[in-house]
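Chemist: Whole structure, please, built from the sequences with the hints as guidance.
From first to last, the protein sequence lines stand for chains X and A. Under this note's numbering, the letters of the first sequence match residues 20 to 677, in that order. Under this note's numbering, the letters of the second sequence match residues 20 to 677, in that order.
Rather than coming from a laboratory, the hints here were simulated on the basis of the structure. A portion of the hints provided could be inaccurate.
When chains are identical, the list treats them as one kind, so a pair holds in a single copy or across two.
Listed below are the simulated BS3-like cross-link pairs for lysine-lysine, each with C-alpha atoms no more than 30 angstroms apart in a straight line [as the list claims (entries may be wrong)]: (1) 89 x 173; (2) 121 x 38; (3) 375 x 89; (4) 375 x 146; (5) 38 x 146; (6) 399 x 368; (7) 38 x 391; (8) 368 x 146; (9) 430 x 38; (10) 146 x 556; (11) 146 x 286; (12) 146 x 430; (13) 399 x 121; (14) 375 x 234; (15) 391 x 368; (16) 89 x 286; (17) 286 x 38; (18) 368 x 175; (19) 368 x 38; (20) 175 x 234; (21) 399 x 38; (22) 146 x 391; (23) 556 x 391; (24) 121 x 89.
Predicted, not measured: the structure shown is a model, and the values here were computed from it.
There are 2 protein chains.
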Amino acid sequence: MSTQVEPTPAKARRAGASKAPPERIVIQYPTPAVDDGLYPAKRVVGDTVNVEADIFRDGHDLLRAVIRYKPPQARNWREAEMVRIDAHLGGVRWAGSFEVDKTGRWEYTIEAWTDVFGTWRDELNRKVTAQQHDLAGELSEGVQLLQHATNEAKSKSDQALIEHAIATLSDEDVPETAKHDVALGPELFATLERIQPRHGAVSIDPPLAIEVDRKLAKFGAWYELFPRSWGGLQGVQSQLPRLQELGFDVLYLPPIHPIGHTNRKGKNNALSAGPEDPGSPWAIGDETGGHEAVHRDLGTIDDLRHLAEQAQQHDIAIALDFAIQCSADHPWLHEHPEWFHRRPDGTLKYAENPPKRYQDIYNVNWESPDWKGLWDALLKIVIQWVDAGITVFRVDNPHTKPFEFWRWLIKNVHDHNRDVIFLAEAFTRRSVMRHLAKIGFTQSYTYFTWKNARWELTEYLNELAHSEESEYFRPNFFANTPDILHEYLQHGGRPAFETRVTLAATLSPTYGIYSGYEHFENVPVREGSEEYLNSEKYEIKQRALDGPLLPYIQRLNQIRRENDALHDLSNVTFLDTANDALIAYAKHAPGNTIITVVSVDPHQAQEGLAIVPANLGLPPSFTAHDLLTDERFLWRIGANYVRLEPGIRQAHLVRVEM
Amino acid sequence: MSTQVEPTPAKARRAGASKAPPERIVIQYPTPAVDDGLYPAKRVVGDTVNVEADIFRDGHDLLRAVIRYKPPQARNWREAEMVRIDAHLGGVRWAGSFEVDKTGRWEYTIEAWTDVFGTWRDELNRKVTAQQHDLAGELSEGVQLLQHATNEAKSKSDQALIEHAIATLSDEDVPETAKHDVALGPELFATLERIQPRHGAVSIDPPLAIEVDRKLAKFGAWYELFPRSWGGLQGVQSQLPRLQELGFDVLYLPPIHPIGHTNRKGKNNALSAGPEDPGSPWAIGDETGGHEAVHRDLGTIDDLRHLAEQAQQHDIAIALDFAIQCSADHPWLHEHPEWFHRRPDGTLKYAENPPKRYQDIYNVNWESPDWKGLWDALLKIVIQWVDAGITVFRVDNPHTKPFEFWRWLIKNVHDHNRDVIFLAEAFTRRSVMRHLAKIGFTQSYTYFTWKNARWELTEYLNELAHSEESEYFRPNFFANTPDILHEYLQHGGRPAFETRVTLAATLSPTYGIYSGYEHFENVPVREGSEEYLNSEKYEIKQRALDGPLLPYIQRLNQIRRENDALHDLSNVTFLDTANDALIAYAKHAPGNTIITVVSVDPHQAQEGLAIVPANLGLPPSFTAHDLLTDERFLWRIGANYVRLEPGIRQAHLVRVEM
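Modeler: See below:
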């Protein structure tokens, strides 16, 4: 990205002689910017946006630069000063910052100009320092610059100061040395820097965008449960006080809509259901309604509205599932047959990924002649739930629907209510996952469940935290889901569950668990599968918030809230441990440093070191206060012995205290 | 860069029902591209342009993609197939290539579309393989696709093939298995892939640009001499046969214009010149003329024209210096006073960098009200020299002149003669050097002279060779210049000169030396200075092509020409040597691998290893044919002992032979 204008030669030759010469300043590589500004960067309310760019011109003249930024719907641009941050390296990088204090689309640009007075003053200063004399020509230039500036003077005191300087520099009776002092005076300099015209100013055009979400977009603890196993929506509502006590911020419910009968799946995904089988909540729709309806066994829309209200009283957000697919009994199949795939012979195509067939589900046809009607109907459904108090949506398989649909949908929902959060459940190629985040998804499921070794976690987290991806891709580290019971959990017992939830909760500002995790549920439907045996997707369980891991999770959630260092991802630094079974990382926020050491071995005790590097800025020795156990250790920059033993502890989670 | 179109929601809602749904394919991160396509990438005639991009869409449909490219002035786009290169990694990267066979601005874009027939065939194939039956619905879809395609059939044989397939698939008497074979037939597949409509095609818009230069832009050996030390232009002409014999491609002459008298510099840059002192050629202009004139002691414009013609006969290009600055006696100072800086008191400002003053030189004022007149006058001068047969210009300090001026000048000169090469002499901040290359300079001076240690060379070369910079920044490695006699050469004797010219000639496709190098001239004007004692910049020498290093340089130039591996920069791989005083690197071109090992210690013998990694693709053992000495060694993948001793040899330059 550059601000340079390419003059067409013909134009440059023919234009009138009064035309100013082309711009001489280049502004390039601004950050934050996603794909050079094609997509907005993301921030949350309260963030400081640190802006950088390369700014330079030909020659040796001094430059100045500001960030110009504008809140959503604001009419006027505000400015923040930029400074050159690598002058000592002879570089060209400038930096500045501003705060974002409301949600919506902020814009920023960078403006840079040649500091004519500053350049003149700097050269004069060098000559005076070198004891050169006969600087009358230089001083006459200064008078000229000051005269130009008087037109810009905003106050009488500015004007008086400048006029005094002009008078002194022009007075033949004043000694030259006294003129130098006046010309180099710091007050005069500060005033001129403030008011002088911005000579040859250039800026980034068009401006760059920053989408600012509420803080829950970045930081939150999620709990997922199937309402039918908790007594429906009213049963869920009765769990709110306990969920708040446990420190959860989001309660995510799989689809709550009517479930189809035709080709309904039975227990353990059996092809045919028994008469008592409730079916998969993702086979949406029956004769009583589709995506706009609530399953009659769970309650009513009013129950949902009431649940959302009560949840808000408990500082909890309810997240609904948004899965664009229809059971064979979904009303749309006969109300809008044009929204579905039909073969030339007139038959409807069910979902399939040959040779696999999903006979209980029909996908919509995005290339339907009435695709606009379909888009509108889907938007209307989301808006309905937003109006019922739902501001978080977990979107099922967004990567199999058109990107443009999501961009359009999210923008329209945000125009309606900017607080809405969309979590993308896309387990697919990284480029596709990234693209969904770029076009608007607030958060994303990740590969976290499959990253269990130290090297895998380090590689993956460094990519999420320290590449351009960190500007727009917000991970949500679920430790398990109804679809993913990783082998690591199947075989590691309680220590494995402790390890994974500790990693999830301390590595990622947003993390989650699916109900059952706290009971160490770990039996797969068969060896080699990541599906649960007797999966809750196909049957109703009796659930209660009494799992033995809950106290530990409650403590984790409390620690997360109390320590700003755990509210960010890009602030992570991995530490050497001298043992591949131990992973250690520091996170730092102003006034708060957390060092986490986790054993990824659920079977055996592991000894090693937490090697604290000097560049973290910590004192030579410090108190390492283990927030999980309230123990205090004396740690230092350099190697610190650690021993983690299954059954005793899987992790240290220490706060650096002086 | 993306091809996606953001539909404005209002538009999407209101548009007629016939409007096609938005595009579903994303094309991003194409290469080659400089700053995402803001500037052209560079190639030379004969190059293969390897194009890559991320290409993906939502869902699982198969894609196809082509490069569309267009030579300069061509009207029609040509196409080259792309293939997915990381399918095994589940990736999204596609690649293809095309050749560039003429100079000028080529354009390319990428077009991608959904392979509707291929997707259908692939799904059918998976079902047939899984022995699924009852595929009548699928076959009816196939008939529909084939019917659409018949409109596209370009030949009768295509038409007949498709009609036969339609008839077979529609014939109730044909067994289903036979229908499968017809539907999956490879000839039918190939035909449909060729003719089917490009469903949902998207492309990169606007296209990307590639500037293609003649090969000398990338590969050449330069020799710099002051004509006044060689008997003027006619004297230089008499050296052409010898220069050709030595293998030089470019003969670069510092400014050949009249030299000012006022404030002329004397020997060793003395502030006042004696009556016999010739002055610095860079203080351009006297009463006989300025940049458009030839110094009367050197000859005439006709002599220059004749020199250029004769040089061409010897496969040598003459390079002139283009230094935009004027002596106090330059005609422009009174013909065009408006092109120079004047103080308010009417005095002209000479060049200065306070507290330094350059009283023999006046810079032009780029912010002159008549800046267009100045630009035109400068363009006219370059065009005059081009018309006299000069197609290479070494541009003095381009970084102190406006970028836009250079972009405009180079474009206009190229419109006049696309063969012209511009070498930027900018020793300044990297970003500025890079920017000059982006906006059009063909080649650039570099920091090479100051990179003498192994780690410095490795770091610098990896950056030049393996970053985006390699797409547009072509280094010219001068081992010395009239301004730069590095300390390394001052103290290292003949071995230092051998080392540096070997590094320059084998690391960079373009390199050069300034006359005197071959005589090991190494005395600075004073300790700590990089200026030569009795610099030729301020006095006339008696020169001849008889330096003792010339046979070695001649051999280097011959080896360079005969080995394609030395014609590129990005093909370099540095090897471990187990000794920091030894630097080793391999360069590979089709059928040609060169391994160079150089001692950077000019004082002592150094022993170490040339460790050949397996990933170079060489056989387990091979003949290492030292092209400098004609020795042959048996080398292997892994460690190879080397010993380099000053006075015996400073380098191995071996060709891998089987």
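Chemist: Hints first: check each against the structure and report whether it holds.
Modeler: Hints, one by one, checked against the model:
1. Taking the shortest Cα distances, residue 89 and residue 173 sit within 30 angstroms of each other inside one copy (24 angstroms), while across copies they are farther apart (57 angstroms).
2. Taking the shortest alpha-carbon separations for residue 121 and residue 38, neither the intra-copy value of 42 angstroms nor the inter-copy value of 37 angstroms comes in at or below 30 angstroms.
3. Within a single copy, residue 375 and residue 89 get their C-alpha atoms no closer than 51 angstroms, and across copies no closer than 44 angstroms, so neither meets the 30 angstroms cut-off.
4. Proximity of residue 375 and residue 146 under a CA criterion of 30 angstroms is satisfied inter-copy only: 9 angstroms between copies versus 82 angstroms inside one chain copy.
5. Taking identical chains as interchangeable, the C-alpha atoms of residue 38 and residue 146 are never at most 30 angstroms apart, the minima being 34 angstroms within one chain and 70 angstroms between chains.
6. When the C-alpha separation of residue 399 and residue 368 is checked against a cutoff of 30 angstroms, the pair qualifies only within one copy, where the shortest distance is 25 angstroms, while the shortest distance between copies is 71 angstroms.
7. Taking identical chains as interchangeable, the C-alpha atoms of residue 38 and residue 391 lie at most 30 angstroms apart only when they sit on different chains, with a minimum of 9 angstroms there against 49 angstroms within one chain.
8. When the C-alpha separation of residue 368 and residue 146 is checked against a cutoff of 30 angstroms, the pair qualifies only between copies, where the shortest distance is 15 angstroms, while the shortest distance within a copy is 84 angstroms.
9. For the homomeric pair residue 430 and residue 38, the shortest alpha-carbon distance between copies (21 angstroms) is at most 30 angstroms, but the shortest distance inside one copy (42 angstroms) is not.
10. In this assembly of identical chains, residue 146 and residue 556 lie within 30 angstroms of each other by CA distance solely across copies; the values are 28 angstroms between and 81 angstroms within a copy.
11. In this assembly of identical chains, residue 146 and residue 286 lie within 30 angstroms of each other by CA distance solely across copies; the values are 26 angstroms between and 88 angstroms within a copy.
12. Taking the closest pair of Cα atoms, residue 146 and residue 430 never come within 30 angstroms of each other, the shortest separation being 59 angstroms inside a single copy and 40 angstroms across copies.
13. In this homomeric assembly, residue 399 and residue 121 come within 30 angstroms of each other (Cα to Cα) only inside a single copy, at 26 angstroms, whereas the closest approach across copies is 57 angstroms.
14. For a Cα distance limit of 30 angstroms, the shortest separation of residue 375 from residue 234 qualifies neither inside one copy, at 41 angstroms, nor across copies, at 56 angstroms.
15. For the identical chains of this complex, residue 391 and residue 368 are intra-copy neighbours only, at 21 angstroms inside a copy versus 68 angstroms across copies, given an alpha-carbon limit of 30 angstroms.
16. For the identical chains of this complex, residue 89 and residue 286 are neighbours neither inside a copy (55 angstroms) nor across copies (60 angstroms), given an alpha-carbon limit of 30 angstroms.
17. In this assembly of identical chains, the alpha carbons of residue 286 and residue 38 never lie at most 30 angstroms apart, being 79 angstroms within a copy and 44 angstroms across copies at closest.
18. For the identical chains of this complex, residue 368 and residue 175 are neighbours neither inside a copy (79 angstroms) nor across copies (34 angstroms), given an alpha-carbon limit of 30 angstroms.
19. In this assembly of identical chains, residue 368 and residue 38 lie within 30 angstroms of each other by CA distance solely across copies; the values are 24 angstroms between and 66 angstroms within a copy.
20. Taking CA atoms no more than 30 angstroms apart as the test, residue 175 paired with residue 234 passes in neither setting, with 46 angstroms inside one copy and 65 angstroms between copies.
21. In this assembly of identical chains, the alpha carbons of residue 399 and residue 38 lie at most 30 angstroms apart only when taken from different copies (21 angstroms versus 54 angstroms within one copy).
22. In this assembly of identical chains, the alpha carbons of residue 146 and residue 391 never lie at most 30 angstroms apart, being 71 angstroms within a copy and 33 angstroms across copies at closest.
23. Taking identical chains as interchangeable, the C-alpha atoms of residue 556 and residue 391 are never at most 30 angstroms apart, the minima being 32 angstroms within one chain and 75 angstroms between chains.
24. Taking the shortest alpha-carbon separations for residue 121 and residue 89, only the intra-copy value of 11 angstroms comes in at or below 30 angstroms, while the best inter-copy value is 49 angstroms.
Figure legend: structure checked against the earlier numbered hints; hints not met, in rising order: 2, 3, 5, 12, 14, 16, 17, 18, 20, 22 and 23.
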